[in-house]
Amino acid sequence: MLGPGVAAYLVLSVVLFATGALGVLLRRSPLIILLALEIMLNAGNLALIAFARRLGDGDGQIFALTVMVVAAAEAVLGLGLIVAVSRQRADLDVDRLTTLRG
Amino acid sequence: MEEFLVWLVWVAAALALLSSGLAVVLFSNPFYSALALIGNLASLAVLYLLLEAEFVAAAQVLVYAGAVVVMFLFVIAYLGGQADTAWAGGPTLQAVAAVVAAGAIAVEVVVVIALKADERLSDTAEVGEAFGSPGQIGNLFLSDHLLAFEVTSIVLLVAAVGGVILGGAMPRARERGER
Amino acid sequence: MEALAWTALFSPAAAVVAIALAGERIDRFAAGVLAAASTGVSFLCSLVVFVVLLGREHDDRSELSTLWTWLSAGDLEIGVEILIDPLSVFMMLVVSGVGFLILSYAVGYMHGDAEERRYHAYKALFVFSMLLLVQSGNLLLLLAGWGMVGLSSYLLINFWHARREAVAAGKKAFVMNAIGDATFALALFLVIQRVGALDFETVFADAPEALGEGSTVAVLVALGLLGGALAKSAQVPLHTWLPDAMEGPTPVSALIHAATMVTAGVYLIARTSPLFELAVDVQELAGILGAVTLLVAGLVALVQTDIKRVIAYSTMSQIGYMFVGVGLGAYGAGLFHLMTHAFFKALLFMAAGVVIHALADEQDIRRMGGLARELPWTFRAFLVGSLALAAIPPFAGFFSKDAILSSAANAGTLGWILWAAGIGGAFLTALYTFRLLFVVFFGEISPFAREHLHRERFEGPLAMMWPVAVLAVLSVVGGLLQIPGVWHAVDTWLEPVVESAEEATGITATFSILASLAAALGGIALAWVLYRRPGERPAAIRRRYPWAARTLEHKLYFDEAYDAAFYAPSSRLALWLGRWIEEPLVLRSLGGLATGVRDVSDRVAATQTGGVRAYVLALAMGLAVLAVVFLLVA
Amino acid sequence: METTVLILLPVAGAVVLWFAPWLTPRAAGGFALLVALAELAFWIGTALNFDFGSPGPQAGADRVWFADLDVAYRVGLHDYSLWLVGLTAVATAAAVGYGFWVGRERAGVYLSLLLFLEGATVGVFAAQDLVLFYVFWEAMLIPLYVLIGVWGGPGRLGATVKFVVYTMAGSLLMLVAIIAAGLQAGTFDMTSAAGRGSSTWIFLGFAAAFAVKAPLFPFHGWLPDAYRESPPEVAAVLSGVISKTAAYGFLAIAIPFYPGPAEDWRVPALVLASIGLVYGSLLAFRAPDVRGVVAYSSLAQMNLILIGLFAANTSGYTGALLQMVNHGLISAALFLLAGAIERRASTGQLVLLGGMARGRPVLATVLITTGVIALAVPGSSAFAAEFLVLNGAFAVGWGWAVVGAIAIVLAAMYMLRLVSAVLHENVGSAVPAEALDLRPAEVGVIAPLVVALLALSFWPAAITDRLSGALF
Amino acid sequence: MDEFTAPTIDWAALSPVLITLGGASVVLLASLFLPPGVRRGFGAAVAAVCFVAAGAAAVALFAADETGRGIVSDAIRRDRLAELAQVLVMGAGLLTVGVSYREPDRVERAGEYWALLLTAASGMAFFVAANNLMTLFLGLEWFSICLYVLTAIAVERLPGLEAGLKYLIVGSFGSAILLFGSALVYGATGAIGFEEIAAGTAEGERLFLVAGLAMVLVGLGFKASAAPFHMWTPDVYEGAPTPVTGFMAAATKVAALVVTLRVLVTAFPGEEELWTVALAVIVCASLAWGNLAALVQVSVKRMLAYSSISHAGFLLMPIAAGNELGGRALLYYLIAYSAMSVGAFAVVAVRERELAAPVTLGNLAGFGWERPFLGGSMALFMFGFIGLPPAGIFLGKIYAFAAVIERGWTWLAIVGAIFTAISIYYYVGVIRAMFMQPRELAVAAGGSPPPDRLLVASVAASVVVAVGSLLVADPLIDIARDAVAFLPFPVG
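Protein chains in written order, with the numbering used here: chain Y, 478 to 579; chain S, 115 to 293; chain B, -19 to 614; chain C, 44 to 515; chain Z, 2 to 493.
The shape of chain Y in the complex, shown without the other chains (with noise of 0.2 Å):
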């Protein structure tokens, strides 16, 4: 295998998930989350596949190939949900959706 080896790609995985998770720990908007979601999700995948790679083995690959169905579908019900909450008028901001709480 040519360029770095697959420590290098793990590395990075680790710290595009971290980077994601961050996302979400730290926005309000609930778009950003979702934006967020997707980079951890696909720094899962940046594992999967770094891993298949070493192993030879195309299992890695098709997981990560349905992650990225799954992604995509949560992002569609993500962004359904964002909608939906907008058009009642309430603030996009997860801080202040908290009617539910306590």
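Derived from the structure by calculation, the hints contain no laboratory data. Positions of the beta carbon are idealized from the N, C-alpha and C atoms, including for glycine.
Over the 12 Å line for every Cβ pair with chain Z, so calculated as not near, a few chain S residues:
(1) Met115
(2) Phe118
(3) Leu122
(4) Val123
(5) Ala156
(6) Leu163
(7) Thr206
Here are some chain S residues pointing at chain Y (derived, C-beta under 8 Å):
(8) Ala148
(9) Leu158
(10) Val177
(11) Met185
(12) Tyr192
(13) Leu193
(14) Ala209
(15) Ala212
(16) Val241
(17) Ile251
(18) Leu270
(19) Gly281
These stretches of chain B come out as covered by chain C in the derived footprint (C-beta under 8 Å, 3 or more residues):
(20) 45 to 51
(21) 541 to 555
Place chains S, B, C and Z on chain Y using the hints.
Frame of chain Y, contents of chains S, B, C and Z only:
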């Protein structure tokens, strides 16, 4: 030489990946974030190619950049100014804890990788031409992972139905006026 | 014979049940007659049993009869059993005989009371309990009778339950008796532990070996029994309930608090003499306490103004004599005095009852006076009783008291000390007795008496008067049963059960008799001087020694001391426990815990801010911690 | 088989009542009373056929419930449990009769809960399987909770919470102990090895549940409120019967199965029970209301029973068992009387009561009779029992018996205070002149209890002779 | 290129999944053509039939399968564990049909609602059979996505949307963690199949495996709503339509816990000493957090949500024990618990419809006497949740405690006992509110809806299961034993 080129590409892709990732998280305008995500996905696709996952890379670009992000952009456009939400503000407890937690998870795994880097992570399997090709993927999808393949379609279908319900026309109950 | 003894026991019980169940269907008078008749049956049965025993050999006069097992636990088995022997028959005769007279008297005395039936039922219950006490063949059943007489006593003392004093007096009597019951029970535990049984035969046979003569165990057993005896017989220091018990109707006082129940202590000591003889110190203590009591009671009686209370104190003091007697081992003398005392004290009470009856329930002697002319027969009866009480020959009290004193004189140093106390007591007895007699019957008729006196056909109802007459006769002749140096019918009869002390003879006896006679006559004389007619002299003495008068009027401050030492502290302790332990610690502890939990809960629930980022953070933190721990462990 | 009938008969009655809401209160009450009396009659039949000589459980049944842990529906009656079942039947019949007569709201539900409670209680006494025992143990709690919570006095809500939380806290620890014991033995069969051992922790687990429910001092925080706020007939059953289940637990499980730990913990237990005896007596002496006196006297009496049990000798056990029956009858009668008094004066405050004896001879007679038996006047069956208990305690150490003797005196003090405060002296301000004597129905309910006590006083050996000694 | 061999497809084994999925399609399509008036009835009927049929199929499979085996290239397993869980899920679905039939929101979204309900059940049926990390992930997402939509299906109600959005965000975060964990496990062992993971563990990189295990545990714990991963639960349960909440509480818990058991026991037997202890800690946290927070709740739904968190603790307890007894305990517990959850939320739904307002302890006053059957059933459920007879959870708790005690963790049982004691307070609070408090004036804003026979029947069925599971425990325990018989429990 080839080795150097691969390294170069890798470094470039990695930098793009991380910086676009950060950009997604840091832009206060979701529109820019969504655009940054495209960059992120694209650099991921490059890395997939380096990992000899051609089909995945292609799918990545098509599915994500082509469909998902576009959907995001539509919604952002639909929402207009509503979509912008400012930052959470100063370093609240939540923010600090968030950084700590995310950092901790990252560091843990990185440490594991570092510990293991010399042992087995370096020896990589020899793979043939077909590895990661559409043919192989298709073969796997229709043999070993037939069910997974089918399930993804169900998930997509459900998501579609859900999207219709959530984002679709307002129910008439609303127009009739609430009780 | 056994059947007769059982009949004697259960006949009053049957009357109780009948009256209780009949309720208002039975005539009031009939209820009284039923109760009296049932006691009469007991007396007749006792009499027959007595005759039967008389016909037997001296050593063949004891019989045990068991009906069923009352209580059992493992090897311990206690039957419903009665012991028929000279001692119990002696007591049965006294109890049922005097009881019969007093119950008959009560039919007249209580006539017209709103709850007459209840009264008669209680009375019969008492007779049953008392018979159970004296007939019981084992210590536990004795204790049962012991407690039940206390119960009946309680019920009768507060019979007029609308009166606060009566209710308080009843409770006091019961609680003090309960103290005695408790020590009694403790003694029994010790006996069970050592002997393993409670029937008299086994206990007395095994006791010397199982307890050991003079051993601590024997002393403790005797002390426990003595505690019971002191409480029941109103001896110092457990005596304070008796004067208060005079709140009950007069026949009650006559029956329970003079003739029978209060003498149960004497019976107990006589009955358990084999145990007491293993602990002579305790037995002597009984004598000493008896002597103390007779002096204390005699002194306090001097200043009492309630006719019944005076007699009550005299009862205490006479029982003190009996305790001196049994304490010194002169059981026959003690029991003899018990019998004669039953006669004359019942007589006194009943005569007093006639007076009270005639004066519309007035008991304060300061409002009486000059009644001799108005109630001549009553006066005569009262006089007979007083003479017997003061031990003037040939009245009954003389012989029995003298027997005790001469036995004491024959019993060494301690005996002499007790003898001296007895002589002092004799003086006091004569003094307060005749004080009472003079104040009530002599002089001019008091204004109060003139106003309230209502004479019936014959000073009182006939039902009241004939028992008085019978008792008067007995008080005169009862003492002749046993004349020192001449014959000893009582001692002889009791001999199979209790050894009697040797009697003093010769010079000692004569000296003793003369001394006591002198003391009695001196007392009467002093009373004549002081109280023959209402005058200034007693008041002058009172002014001269105010502290003495006050002390005596406060009954030597026993009540106050007990109140301060026991009742008040326990009452305060109860309130303190309620306020500082029960409320805050026990009842509120859960509340406090709940409040604490609730506070924590509020905080826990408050973490649920509704902010989704916090939720995700919890997830992330959880993962971080989990992963760190996992990796460190791995 | 008979045991099963004894358990299921009242439960079946309860179910019928529960699902027959169309019954008029009268019909429901009559039916419930009939069931309660049938139970009593059946118990008498069982007792007549009982073989008192044999040690093992009798008239039982054994059907697998779940096999893997060897838990089964095992029931049967020992000679000692037979008496307690009888107590349950008598007290419940009285309670049902009283509830019927008083006319509770929603009578059908009310009485069906009482009957259900009876079935569960009988189950506790009859269970020969630890899990089954626990099932019945907890099943008692539910009807009690509802009975107090719905039909109780104004402070019922707080009282029920306390009652349930307290007792559950104890019984959950017992649950853990039961499981541990069963797993150790490989079976939950009480007649075989199950639950016998030397584990202190398991013993303490059992003891926790029993100590709370009995209650042993100082675990009685639930007691005053529960006894005060319950309807009188529920209080009667609660203090008369339910508390006995705890004493039964000590008697039949905790002490005989764990002799070693019981021996080790005897002194602390005796200390607590002795304190509880005196403490309860003192508080009863100062309690301001009728129920308070009865409640704290109940506490004292239960602690006395525990003294007898912890003495762990024949005399103590026999006395404790006899006293369990006695106290069950006594406190049932006293609580029903308290109810009768409160109905007339609409308060139980002693300062507002008094003088009720005048013109009410039946009330006075019944109350005094019960009261003097309660204070263990010598000659009563309560006296017989206390005598044995303290005799047993004396054998362990004289000090315990002395404390008990002190408590006898205190008992006289508080009981007479109660009797006097209700019946004697001046007529209390809350006592209306027109307040009636005990009605025939009340007499019909309470008198049997008192008659049973009197009968036992004549012949306490009726019970003490019929204990095979299997326990000792 | 490799030789292509099409896998054999075990249609029978897939039948519970396929029946429900097919039903969903039918409903979805039919709702396009049917007039609105009959949509609801048709959808409900189809759903009920499908649930019954799928449940029957699962029962038949359970009866037929002596041993388990992987099917369709080992992607999922056909075994009794999965089949029992499918029966429970279908049962919960069937009860939910009865409960939700008259739910006001159903009028507009009739078709989609039933289709989503069926699909969710289908996804769970698939999920519980998952035999590799990929099917695990997909199954999880499958039913999660359905539940996101179901939660927010009343799109005009902001609480529902808020709940849906929160659920989605937290759920996706959890999925991402699960995914990353799966990736690490895959990397460490080179396999995604559970048995292969267990087999590959020995040679694999332990550290990766352990890190992955932690992440998988979090992902599953999230779904089971175990503390500290539970925080979405109260909000989602409160915001979702009540019948959906009931379904989630019952079916999701069944699915998540069965899968947790399966994954941990089959894939990570070697790391037993790690995950058992971790689970024990999670159990304590769940018990503490759930019970304490429930104590101060006023809203009944929210209180029940916290109660479900505490029950997650009790349910994880036997898994933490890691022994066969624990497996039995878990499945037996789930039988009673799932029925009672649906039943409890059904009663809440009735009151909610009466009042047209969220149900609080205050406005429950008098309910017990107004509707004696429902009130009595609710009382039974509450007593049952405490762990009192005559509800099956009583035995479930005994088994759960027995499992940990057998493992030697008596302390854990004692912790359970203590928090059970605390839980009494709030469970009993419901009974108190229903039966013991005087009725407040004018609370019934929603009028008095006609008696809902279907709902009552569902509640009755819950009661039957709750009580029946105690009375006829032995067969059910045998079933539970059979279901876990093949699992390689790490602790003896």
